[in-house]
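Student: What follows is each chain in one-letter form.
There are 4 protein chains.
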Amino acid sequence: MRRLKYGMVGGGGGAFIGDCHRLGAQLNGTTELVAGCFSRSMEKNLSTADLWALPDPSRVYTSYQEMAEKEAAREDGIDFVTIVTPNDSHYAIAKCFMEKGIHVMCDKPLTITVEEAEELQRLAEEKDILFGLTYTYTGYPVIRQAREMIREGAIGDIIHVKVGHPEDWVIESVPEEPTTDLPWRFSPDKVGAALCTGDVGTHAEQLLVQFTGLRIQRVIAMLDTYPKYLPLETNTTALLDLGDGITGDLWASQIAIGKGCDAYIYVAGSKGSLEWRHMDPDVLLYTPLHGPIQRLEAGRGYMKEASNRLSRVSVAHHIGFFEAFGNIYKSYSEVLLAKLEGRSCEDYTFPTLQDGLDGVKFVNACVESQKKGNVWVTL
Amino acid sequence: MRRLKYGMVGGGGGAFIGDCHRLGAQLNGTTELVAGCFSRSMEKNLSTADLWALPDPSRVYTSYQEMAEKEAAREDGIDFVTIVTPNDSHYAIAKCFMEKGIHVMCDKPLTITVEEAEELQRLAEEKDILFGLTYTYTGYPVIRQAREMIREGAIGDIIHVKVGHPEDWVIESVPEEPTTDLPWRFSPDKVGAALCTGDVGTHAEQLLVQFTGLRIQRVIAMLDTYPKYLPLETNTTALLDLGDGITGDLWASQIAIGKGCDAYIYVAGSKGSLEWRHMDPDVLLYTPLHGPIQRLEAGRGYMKEASNRLSRVSVAHHIGFFEAFGNIYKSYSEVLLAKLEGRSCEDYTFPTLQDGLDGVKFVNACVESQKKGNVWVTL
Amino acid sequence: MRRLKYGMVGGGGGAFIGDCHRLGAQLNGTTELVAGCFSRSMEKNLSTADLWALPDPSRVYTSYQEMAEKEAAREDGIDFVTIVTPNDSHYAIAKCFMEKGIHVMCDKPLTITVEEAEELQRLAEEKDILFGLTYTYTGYPVIRQAREMIREGAIGDIIHVKVGHPEDWVIESVPEEPTTDLPWRFSPDKVGAALCTGDVGTHAEQLLVQFTGLRIQRVIAMLDTYPKYLPLETNTTALLDLGDGITGDLWASQIAIGKGCDAYIYVAGSKGSLEWRHMDPDVLLYTPLHGPIQRLEAGRGYMKEASNRLSRVSVAHHIGFFEAFGNIYKSYSEVLLAKLEGRSCEDYTFPTLQDGLDGVKFVNACVESQKKGNVWVTL
Amino acid sequence: MRRLKYGMVGGGGGAFIGDCHRLGAQLNGTTELVAGCFSRSMEKNLSTADLWALPDPSRVYTSYQEMAEKEAAREDGIDFVTIVTPNDSHYAIAKCFMEKGIHVMCDKPLTITVEEAEELQRLAEEKDILFGLTYTYTGYPVIRQAREMIREGAIGDIIHVKVGHPEDWVIESVPEEPTTDLPWRFSPDKVGAALCTGDVGTHAEQLLVQFTGLRIQRVIAMLDTYPKYLPLETNTTALLDLGDGITGDLWASQIAIGKGCDAYIYVAGSKGSLEWRHMDPDVLLYTPLHGPIQRLEAGRGYMKEASNRLSRVSVAHHIGFFEAFGNIYKSYSEVLLAKLEGRSCEDYTFPTLQDGLDGVKFVNACVESQKKGNVWVTL
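Chains as they are written, first to last, in the working numbering: chain A, 1 to 379; chain B, 1 to 379; chain C, 1 to 379; chain D, 1 to 379.
Incorrect hints may have been included.
Copies of the same chain look alike in the list, so a pair counts if it fits in one copy or across any two.
Said to hold, decoys possible - Calculated lysine-lysine pairs in the DSSO-like style (CA-CA distance at most 27 Å, straight line): (1) 228 with 271; (2) 95 with 339; (3) 5 with 372; (4) 271 with 95; (5) 228 with 95.
These aren't lab readings, by the way, just hints derived from the structure by calculation. Quick caveat, the model's predicted, so the values are computed rather than measured.
Extracted from the complex, chain A is given alone in its bound form (with noise of 0.2 Å):
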């Protein structure tokens, strides 16, 4: 059996974000982790190799642009990279190994500007580049039960949608006192004009468009910073013109107590509605017009092929996170053996270069808007 063949650019020393990706991947058994620059420390790096099994330590490289040439440079060389680094560096080290012609699979959000992605997008089409994006939520299986419900018409035309992803990461975990004592993901340098729109804000972002198939317009944003001394926002309220009439708002947050990590969305249709908790991952709740709620368990038999077909556990029991970050790399890496082995495959349910473009456009336009007073902005 062909195994994808693949490296890592980041995720070394014990960061949670490369073991996420490296154990989602592995939940497939179409991929196999042989290349790595997972720090820019040479020990980090070599002892993550050790923890992770790799095969053959000379694949362990001193810097991604090294492993990029050299990668390429091998007949057996990585077929992909996967990108855990801080926000900034995403666009560089993607460009370099898309230039070698080495398809990508990168953490969101993509870039820190619309310049850097939009070119990202040209040389993906130049280089013909399989891109990916790991929007985690987007992975579970009862998203795509929704997706082709609405696409059946299950809730006629939709009208209305609420989406968002609060939690207390940051309440929890700053001190309200000031400090300089934060971490990268609190630096303007690392992530853009945006802390929390950028971070938790794009997965509601991208939650809808997967949940939906529609995509965001025009934004009012309304960007508050708590504590104060922040550089950067941690609770965003967003009012969204989808098109065609449709609206909908957006919340993301990370002051929000009590709150971890619950994404939701529900979707108001004319014909009925669909709603979904990241809290209850496993479940969609759907209301036809005039019926009772009906709860929706994955990989029940009256669940969609293209919902069970990612339930990885039998009826009932938990699909986790990492199984999440597993689908994503499941549908990529389908997707990416389908191409290089010269097959056609339409099932394209990994979030793409276009959504990492968008997602990056949700966030300028978030914070435009707030910059000129809450207007509405143009994505």
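Chain A is fixed; fit chains B, C and D onto it per the hints.
Tutor: Here is chains B, C and D on its own, set in the frame of chain A:
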């Protein structure tokens, strides 16, 4: 034991709202319904009086004007009047009784223009009238618990508030295809410039006020109409400026399939959060910073007296909609009795004329914001 | 409009249960409280009459015997009496009124011995008495929905039933160290051979009866006592033989910390299941075989008339404890009025004398099973 | 970094359980699958090895006996074997490897007779074998939180325990009309004298053990069979004697429509209660006497180290079924590695041979209790 005597205008002929007021008031045993003009039809008027066991049929009147005049003239005339007619008539009816010195309990929203509301406020001051409004949700005991906890600093400084009242009444009951055969609630003549914003948006707005003690300073509102042929909006999303850098948002909807009066409020503070959902009306969720979510239940020993005095049933028995009405009447009648007897009574926990005026201003500001392209409008 | 006149024995001096009956009954507008012997203290008796606005103070009596005699002698005497005294006195009081031909509504459990219950049953037949019991939970509208659905075969043949009523009242209110200063509910003289089984176990038992239409044939019961110094049990677990190969279990507890009147029932059938929890009293969960769980909500258009006729509020407004009481009175008073007017009335949905007798037998069987080492005992 | 080498018997040809073990184990990075006899068909055997990327195809064996012999003979032979075959074969396979000194991880239930289980226990002592069992639910982090809290007295003395595992697998998958075409789980030859009690009843039994530290002393069990033509029971209700006057009950069902692996446990103590439901696997409900219910969430700062060390994801991300498996392997592999390296390791948190033996005794006692007419049977 002295009981307050009251009369009712409207509510006859099987109108649900009349029964809510009557049954709610009657739970307290502090009031007695003795007069009424329940309908324009004298037949319905009398059958309602019979159904409700009015002691003296001669106090059933053909018009509210007659009722105001005759009751004011009696030695044992009514102490207050309850107004449960369509919105547009509240002003004239209230004014008529107030001019006779009769106190008023009125269904919400107060009036359909700000001018009318201000005129009533002026008149109330002049005539020393006690004026209450039945924003029902604010009658649930745990709303008082929240108010006290916030006052005492349990959640620190408020940062952000989310409040709403989604329901599916319109989409469940109105035909998809255009019709002119619609109830009075859809007529701008009867309800003013807004449907959903006035009907359920004001419930959310007042829930915010009673729960937090904050007042809305400015709004950006987005109003949608579905089915499209309706003359007024059925879905309202608003960004809120609550002063002192506190922000929030509000959602009111009558097209949210699967939602049934799912009023909710979540308040994020610097030291904790509080959350209430009408679906679980006797429960308040409290999360202190760094601690687990606590489920505070009405009537339990650890609850505050301000909450428990409104819990009429033993622990874990359900407090229904009539009791929420009843609690507003309880507070109103206690205060009115004290006033009539010349005693002081500090505990004003029922919504007042000021609250009613704010509600009308809120509705107007939302409508104006939408008209101007969703810009900030000051209340 | 004709209203039934009734009197009350017990319930004075601030007893919660008196108010439940009175407020529940009064929601219907079909009854009028005109007489009473609310307490052994004439002072409390009169103050209760004043508090509850009894129209004629001469109908406040010093003893229930006097009340039975004088009311029976009046042309406009009470149509029925409500008995809300401690359990041990139900028998004598009911008998006294029944002998005068006065109908009876009695708080549960019916009596403390089977012999007493059977004697009342005999007397009721002889005197043609309409006898009702207020097993409150059975008054919630969706219990009727369940009963109808089961009757119509929505869940096929019943296989297994789980029912219970855990609460933490005893452990919350009784001291850990031995004391003799305990309320009447702890005295075997007042409540018979069981505390928890009689107090809340019978609620569960009757919930099973009203929900499913089945009756308990045999039990194996296990009775625990905590705190250990109490004379009667506080936790009861029972296996149930429901006839025709149908099994079940029942849990009643007064030491279940965190539980507050969390009555529940789950019925597994061959074609579907039904579930109800008192924590969410207006919701019935229905799962057809191979289909998703459906959340059936009281008052919705898809609910049966038998359920919706008991929903007094518009959809999604809460139905409280008083309304559950009120619904039992509603049914009882409709049937009694029909009986008095010589009309037929098929709809007996209130718990009857037979239900009360079964409840007493159930308690006795549980106590006997425990004594004999947890063996099957036939009711 | 040293990794344990292991082999697997069974699990091939797409069996879900094989993947659970493999994916669970692989989450830790402490083990390496190097040998196997995944199926009796050598073709399936080899395709499974290919699918799972076994490094050396020569270590795929035609029989478990061959595997035990050859692996025991290699210097780099497997450290332990994982057994995931039907229940009746566990004994012979485990014995075979144990006799060669190879450690064992076995799927539950341990064996189908008590004699077999006792023989394995004897052998384990003789050969100093580390033996683990994958009672999956016990691998969720908050189960350890509960165990620690109970040990430290957070809920005082335990009074009563309710535990269960209802699901609807049989009724969803077996035809209503008699058939002989049933999977191996329905064959008494393969699973012993019980279906539901062994399959999910032991999950509940072991959940009780791991959560509370208590062990079942005696049971009264009631076993039902539906559809009636099945040779073994599909629904089990049992009263439990847990020693020291502590009681409980247990429900295991495979015909509970609407329930999907809804394992649960509620423990009532004298000072508080703890509750866990598999539907919300990362949450533990804790209620101190006189206080509100607290929702304890896996990974939060207020949780104990014993729990948080098993939380692999950041707060509020979901812990899935594979991770529950993984946590049992984590503990087992840590202890085994310590043992092999001559280090001491105190932390045995995986279910052991004693737990497996108790499980078999529990099943036997239930079957015997039913046969004897539902009487107490001592384990």
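Student: Going back to the hint list, which numbers does this structure go against?
Tutor: Violated hints: 3, 4 and 5; rest satisfied.
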